[in-house]
Amino acid sequence: MYDMRHLNDNEISVRAGDAAFPVPFREGLLYSSPARGTWTIAHTSMLIPGSHQIFVCPSCCLRGVVLSAEEMGAMDRFSMLEFTDDHILRGDLEDMIIEGVSGILNEMPKKPTCVLLYTSCVQHFLNIDLNLVYRECAKAHPEVDFIDCYMLPTMRKHFSPEKMQWRQLYRAVKKLPEDVHLANIIGSFYEIQPESELFEIFREAGVRVSQLPTMVSYDEYKHMGAAAMNVFFHPVVDFAAKDMEKRLGQKAVYMPVSFNYEEIRRSEMNLAEALREIRLPDYDALEKEAEEALAGALAVIGQTPIALDFSAVTRPLSLARMLLEHGFSVRRIYADAFAPEEKGDFEVIRERFPDVKIFPMTQPGMRVTRRNAEEFLAIGQKATYFTGTRHFVNLVENGGLYGFKGITEIAHMMVEAFKTEKNPRDFIEIKALGCAENCARLEDAGCGNGAKRTDACCGNGVILGDDSCGNDSAETSGGGETV
Amino acid sequence: MRIVKRVLSTYSADNFGVCSALYELGGLVVMHDASGCNSTYNTHDEPRWYDMDSMVFISGLTEKDAIFGNDEILVRNLCETAEKLHPKFVCICGGPLPHIIGTDFRAVAKAVSRRTNLPCFGIQTNGMDAYTSGAGEAFACLVDLMEKSTGCESSSDEKIKVNLLGATPLDFSLNGSVQAIQELLEDHGFAVRSTWAMGDTLENLLSSGDADVNLVISATGFAAAKRMRERFGIPYVIGCPVGRAAAEKAVSQLMQAAGSKNSIGGSNLSDDGSTQSHEENGCDKARILLIGEPVMMKSMAETLKANGLLKSDEDGCGKEKKLSVRIISPMRGLPREIAEGTDEIVLEDKLREACRMADLVIADPLYARLLPEKPEKFIKLPHVAYSGRFYEKEIPVLVGERLDAWLEEKLCEVPH
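One line per chain: the protein sequences are C and V, in this order. When the count follows the working numbering, it moves up by one through the first sequence with no breaks and lands on 588 for the last residue. When the count follows the working numbering, it moves up by one through the second sequence with no breaks and lands on 466 for the last residue.
Looking at chain C on its own, in the form it has when it is part of the complex (with noise of 0.2 Å):
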């Protein structure tokens, strides 16, 4: 075996006083951490309750996906149209799709409330009809939504696969009259923090909240359409939130999970305005909360180094900003870029605390980099495959976490991660942090494949070519245009 050249960290990060912002680091080759409790596009789509996933791909892209969906035993909601060189040849790929499905379709002893028809790159470089694919799927099958999906991971010049993802997923979800008192929750994998202050807001405004990962039917899903705002809490959702906007005349309001008192204030604040909500939660009571809890996380860890990544929150500068103004002794960031909303945590960070290490995530020197900092308590699991330690918060993607009882929540979190040690590769390892249990708890619900359903709220739910895509059928083949 090879006796691999280990960079030391300074060859690999940058100082928080140096660094550029937003991209820290050159665009180059990349890597992949082990890390794999962030959702792909296989495990967002099993939100959909009663849904099925149908990928028409060449077999490297497609086996990333199906192994996925055996992982988090829902490959009854899963299925694939394999294709080859031949069919590239032949120029028959807008056939074989539509007689692909079919026959996936007919095959099944109950049809899926929705079909997630996902294709690739190489159809959207050949330039394929995928309106006619998509107009004659639902033609031949009226009794089920279809929605246009996309894994273009090369295309990636003007959406993100994220945002378009997001965006896709609600796109069966119809103008209904609008019920004044419900409200959407749009763009999380994880159900919100019910203790959260969020609710008391909703509450008071006696407005009920609707959010896909505590659905148990397709009915709630297309119920959606009654709700008169989407809340929405990560940058990337804005593409699905502003869709609903135009779509069905739903308010977007998008409260970014933030670390800092005052904005979070402000967020919510904005919330209440627009459910026409004034009375607010008791702030300084929550406020207090979060500072005691914080006081004694800081006496239980104390000068321990922290760690924390991108993939944990979605706001890192602004989580390792508050902790370090409370006292913790946070040493390295992990984050391949920043979202340019976290340009003011950057800036006092940079001036304040300016060795503070900025690590990559994705950069090759990260494959070699000594993964033993194990003194270090990691927040999140990139942080913790690259410090070794056996001390960790595994959090992803904010983890439903919000506001001031989200930050008391960490600060929870952060100490029982101190307390007990665990195996990090039992934890990081699993792909999609929280998705099985979630296709678990569908499947007990009996709304896995085929889930409840009114015949009335299904149907002729092709996306494409409807009024709410023929305008945009240029921009869902994302790069399409340029091309």
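Rather than coming from a laboratory, the hints here were simulated on the basis of the structure. One thing to keep in mind: the hints can contain errors.
[Said to hold, decoys possible] If you only want the chain C side, here are some residues facing chain V, beta carbon under 10 Å, derived: (1) R110; (2) Y136; (3) S138; (4) V171; (5) E175; (6) D190; (7) M213; (8) L231; (9) I233; (10) P266; (11) A404; (12) Y490.
The structure displayed is predicted, hence computed values, not measured ones. Beta carbons: idealized from backbone N, C-alpha and C, even for Gly.
We have chain C already, so just place chain V on it with the hints.
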């Protein structure tokens, strides 16, 4: 023609095969494609990813570079990374999109080689063929890097030197199977000269042209065996010593082949036609159906027959008993010598029909999805190249007599 897969998986792809074959050798191995390929390979197909460092990366191809054919970015990134990480060689292969736009990996490799003075080679994978072809070509490319052997012949009292060709975790997992093969050969008086390519070094592989014989233990080793025969006159034997009968036959053929170096080409454990292709025989009835990697399956068939486990077979269509074992290798484009005696069936419906016709199926657990009403028909033999890491901990070591014991145990469990 692979079209509909309602319940089945796919085999690991050719570009993943390249990475798996070269993983331990200190080379910079890059898949030219978007990032998804990389995570699929290292999550599902590469059990060494967590514990063993390597230099397998992805280029992160974008639509802009694909459209404008900007290979210079790829060349520059390869050179910069090579400069930083000091690999021993550079290999570039790719996924479906570079294949569609006709990226010339050999030309890219030449450009990188000129700038870095490193041995570089490109492999024209397409992300559509099976891992067997990619890994096979990767091993064959290494043969091209080998120096001509010194030509010194073994003296009569020296052990016969054997290269094991075709060892990757995709076929052998990390459960000790490869070490068991090495031990078996050493117990029979052979010296294992090199193992391509698990637990060995690039230097040792490249100097193994002085071996007396090559043992091709999976389809991935075949192209290298052929090339070594052409370049160094080393004969080869195709077969995996799983089961007592197959092991004995392998030992015997290795001795025979080594004894007639430079005069024998290749021999196959099953070259007596006992695993004749089912389709060639035109009979639908097979008592036992084996699905998987052809070299392993053919060797397993040898043991099944030799052990008389098929004695009570009722021949349903008036053909000879050799029809009792059918082998299906659902991998496109296998070399003729490897595919001989197997059927290449890739369509799900046809595979289902084949399973239905068989009394017993030995295959990766995912194939049991073909007949959910008949789970008792399937003996599960997980294969990393098919189900990835999912059943990895359940993969048995079947080398030597361990297969006989395993078969006996499994066949006892099957209701008659």
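Cross-check of the supplied hints:
no.	hint	in the structure
1	R110	5 Å, holds
2	Y136	6 Å, holds
3	S138	9 Å, holds
4	V171	5 Å, holds
5	E175	6 Å, holds
6	D190	6 Å, holds
7	M213	8 Å, holds
8	L231	7 Å, holds
9	I233	12 Å, violated
10	P266	8 Å, holds
11	A404	35 Å, violated
12	Y490	8 Å, holds
Going through the hint list in order, the structure does not satisfy hints 9 and 11.
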